[in-house]
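Q: Just so you know, the protein sequences line up as chains A and B, in that order. Everything in the first sequence is counted per our numbering, starting at -17 for the first residue and increasing by one. Everything in the second sequence is counted per our numbering, starting at 22 for the first residue and increasing by one.
Bear in mind the hints are in silico, worked out from the structure with no lab data behind them. Treat the hints with care, as some may be off.
What the hints assert, rightly or not - Cross-link-like lysine-lysine pairs, in silico, DSSO-like; alpha carbons within 27 Å at most: (1) B/Lys392 - B/Lys90; (2) A/Lys78 - A/Lys126; (3) B/Lys198 - B/Lys224; (4) B/Lys387 - A/Lys94; (5) A/Lys94 - A/Lys115; (6) A/Lys94 - A/Lys78; (7) B/Lys224 - B/Lys90; (8) B/Lys224 - A/Lys115; (9) B/Lys131 - B/Lys141; (10) B/Lys90 - B/Lys198; (11) B/Lys131 - A/Lys94; (12) A/Lys115 - B/Lys178; (13) A/Lys126 - A/Lys92; (14) A/Lys78 - B/Lys198; (15) A/Lys115 - A/Lys126; (16) B/Lys198 - B/Lys387; (17) B/Lys178 - B/Lys224; (18) B/Lys224 - B/Lys392; (19) A/Lys115 - B/Lys90; (20) B/Lys224 - A/Lys92.
Since this is a predicted model, take the numbers as computed values, not measurements.
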Amino acid sequence: MKLLKLVPDHTNVDFMRWRNLAVILSTLLTVASLAYTAYRGLNLGVDFVGGQMIRVTFTQPVNVEQLRSRVLGLHLGEASIQEFGGPTSYQVRLPKPPGGDAAANEAANKVKQLVAADYPGARVDSVETVSGKVSEELASDGAKAIIFAMLGIALYIWIRFEWQFGVGALLTLAHDVSMTLGFFAFTRLQVDLNVVAAILTIVGYSLNDTVVIYDRIRENLRKYRKMAILPLLNLSLNETLARTVVTSLTVLIALGVLMAIGPEVIFGLAIAIFLGVLIGTYSSIYISAPVLVWLKVTPDSFVRVDEKDAPGTQPA
Amino acid sequence: MLEFPRWKIWIVTLVVLAGIFMSIPSLIAGTPYANRWPAWLPHDKINLGLDLAGGSHLLLEADAGDAQKQRLQGMEDSVATELRRDPRIDIGDISTSGGRLSFLVRDPTKVDAAFDRMQKLTRPVALTGNRDWDVQVADSTRVVLTPTQSGTVQALKNAMSVARDVVRRRIDPGGTKEITVVTEGNNRILVEVPGVENPDQLKRLIGQTARLEFKLVDLEANPNDVMQGRAPPGSEVLPYADNPAGAPYIAVKRRVMVSGDQLTDARQSFDQDGRPDIDITFNTAGARRFGRVTQENVNKPFAIILDNRVLSAPNINEPILGGRAQITGNFTVQTAHDLSVSLASGKLPVKLNVIEERTVGPDLGKDSIHKGVIASLIGTLGVILFMLITYGRFGVYATVALVVNAFLILGIMAMFGATLTLPGIAGFILTIGAAVDANVLINERIREEIRRGRRLLDAVETGYREAFRAIFDANVTHVISAAIMAYFGSGPVRGFAVVLLIGVVTSVFTAVYFTRMLVALWIRRTRPRELHI
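Hey, can you work out the whole structure from these sequences and the hints?
A: Pasting the structure below:
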């Protein structure tokens, strides 16, 4: 049987040739993403801004305009209505009512009554009510988690490799997270708790890729002490290219299936990770590696090679 | 490479079998096979999160203002009881305004006696060296009790632990349902009840403090004053809960004659006219007191007060001596039933507000499980197919490792009674995709070493050894992000992190040790001359 080799033997792509172009492009895109996110804002779900979200599945497609005007007729404030999953499923979002908890309860009940009266057979799938206090906590916890994860991983890389690699890891992560945020700002996909989980996963996954490449760079730095840095990076990237492609593909296959036929509730999570894997694969080649050139990594960066050699290099 | 000692084979095989074994109860749950699983085998199952099983998640927070108010009221009662023991101390003008309790001692020579009695009421707060109340004398005739910071903290802690038990009793009087009621932080309670479609009743049960008091109606109060909220000394004006016929306010004596703390039972019933009411039963002390009070006040109206609202003020027609009484009010069967449950479970020591609520209907959950399982199966198949056409025999090993990995994840989750949430399913699929990464690393390395001209055995050996370093570091990054997610995340997100964490550990085991064993056994058996990889 002939085995599939997506990356032929002795592949030798001169990745570093386009490194300046790639870095300029990435920087521009990152800045643009952040600027756009800051300007346009994210479509934050009730998890982070508070309010109510009611998901309803109707027996047949409904006239959205009619539904909207009926909900607005309840005078519960700025209601937004979106299709969710299929043409018969909708989510109704209501702002935090000024009257506190009792009022929030009443608002949800009014919508439920409206649905029951005007759309017989419709099914209320879920009701979520998040108070302002809780949503503020969730938002700050989410932001903290992402920042701590980025710093924690960069710190680990610094300890395991050298400071240049730690800086490279941090820049790579900042790039990936900004791009993901930009994507959500651009598509107006709702950002809920699951998306934060997805971003944390991207942080872990993207670095997984970077670590594999860094590990090879370190190995080659020790092996070919006389080789210039650019050819050495190219060599390392090419040597790990087959692995990068195969692993990314397996993850994308699994996530693609989840996105296409998985539960709607976690579509945001699936698409975020899918995109993150693509971005992460790119950034481990074009951000993580070039950073090492500017930070002047040389074989002498690993002075205390023997002490630095990690525990567990030998499988039991 | 060939040195894979027998004891290691045994350990790896045992771990794999244990994982498969532990995952079986979760896999057959809800199918007819579940009954055939022998009773003496472990039955630990993976719990389904509310987003999959359907149900309600409520986060309750103690109302800080109410906590303070209740504490002051409780102290006021204690003070009144304490001072009644010394009839020579005549006090007046009790006030609880400004977050402090103060009263006037009419005879200045008795101020010291009153002060000493108040000191006796305070308690030391453990580990702080402070007392729970600070007692002072102001203007030489007023005794002022101020709650101390550490006393307030401790009171809240005690109140939360009582509140947790009360909430549990109210939601689940029979103690049979699989509900979660836990305190979170120092002023919150998390309630998770599976299978509830309409949480309104839940919230009604929890939302009521259910402080029941019986007080005498002040008949001497001027009705016009009462309407303006003014009551004679020793009395207070309270609103009616629901009095469609009569006045909205009533004046009652401040002194609590009997309180709901002394109930042993409460159940919904009907009065002689067929209207819903609540039958209550007092404990021995409560019955005696209730009997004495009703005996002394025959033909006077008696206010039944719930959470500072008057339910009704019936006349005491005759002494009630048996310790049984009826609470009448403007009830429906449902509200009478809910109130009886609340009364029987005791009052909440502090009012609880719902600050977060998530309810998922059972149909959406079922739908999610169904789609999640299908996506997992197809995703796994896709990955397997890809591995097979890429790595041939080594792809088969990776596939076996992948399947074993899936069982191990489920088995470990069952063992710890972990909760599978909807994002957890995504975590599972993601883990499947990422788990083969270790095998990809190893296999690519072997390919590389062979290209460099190493002999087969040497290439395999080097492949496993050199790849392990990268596998180790790469998985630590996953562990860091998943651990942070587990720490900061709540509910569903934590479920996702748990699956990722378990998956990282199991996938390293299956992808590195397990496949290594398979490869070693194959090489030992067939002594292959060349490698198709």
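Q: Evaluate each hint against the coordinates.
A: Against the structure, the hints come out as follows:
1. B/Lys392 - B/Lys90: violated, 51 Å
2. A/Lys78 - A/Lys126: Measuring from Cα to Cα gives roughly 24 Å; hence the hint holds.
3. B/Lys198 - B/Lys224: holds, 17 Å
4. B/Lys387 - A/Lys94: holds, 21 Å
5. A/Lys94 - A/Lys115: Status holds; Cα separation ~25 Å.
6. A/Lys94 - A/Lys78: holds, 17 Å
7. B/Lys224 - B/Lys90: holds, 22 Å
8. B/Lys224 - A/Lys115: holds, 19 Å
9. B/Lys131 - B/Lys141: holds, 16 Å
10. B/Lys90 - B/Lys198: With Cα atoms ~33 Å apart, lysine 90 of chain B and lysine 198 of chain B exceed 27 Å; violated.
11. B/Lys131 - A/Lys94: violated, 63 Å
12. A/Lys115 - B/Lys178: holds, 21 Å
13. A/Lys126 - A/Lys92: violated, 36 Å
14. A/Lys78 - B/Lys198: Violated: lysine 78 of chain A and lysine 198 of chain B sit about 32 Å apart, past 27 Å.
15. A/Lys115 - A/Lys126: holds, 17 Å
16. B/Lys198 - B/Lys387: holds, 20 Å
17. B/Lys178 - B/Lys224: holds, 22 Å
18. B/Lys224 - B/Lys392: violated, 32 Å
19. A/Lys115 - B/Lys90: Roughly 22 Å between the alpha carbons, so the hint for lysine 115 of chain A and lysine 90 of chain B holds.
20. B/Lys224 - A/Lys92: holds, 16 Å
Violated hints for the displayed structure, listed by number in ascending order: 1, 10, 11, 13, 14, 18.
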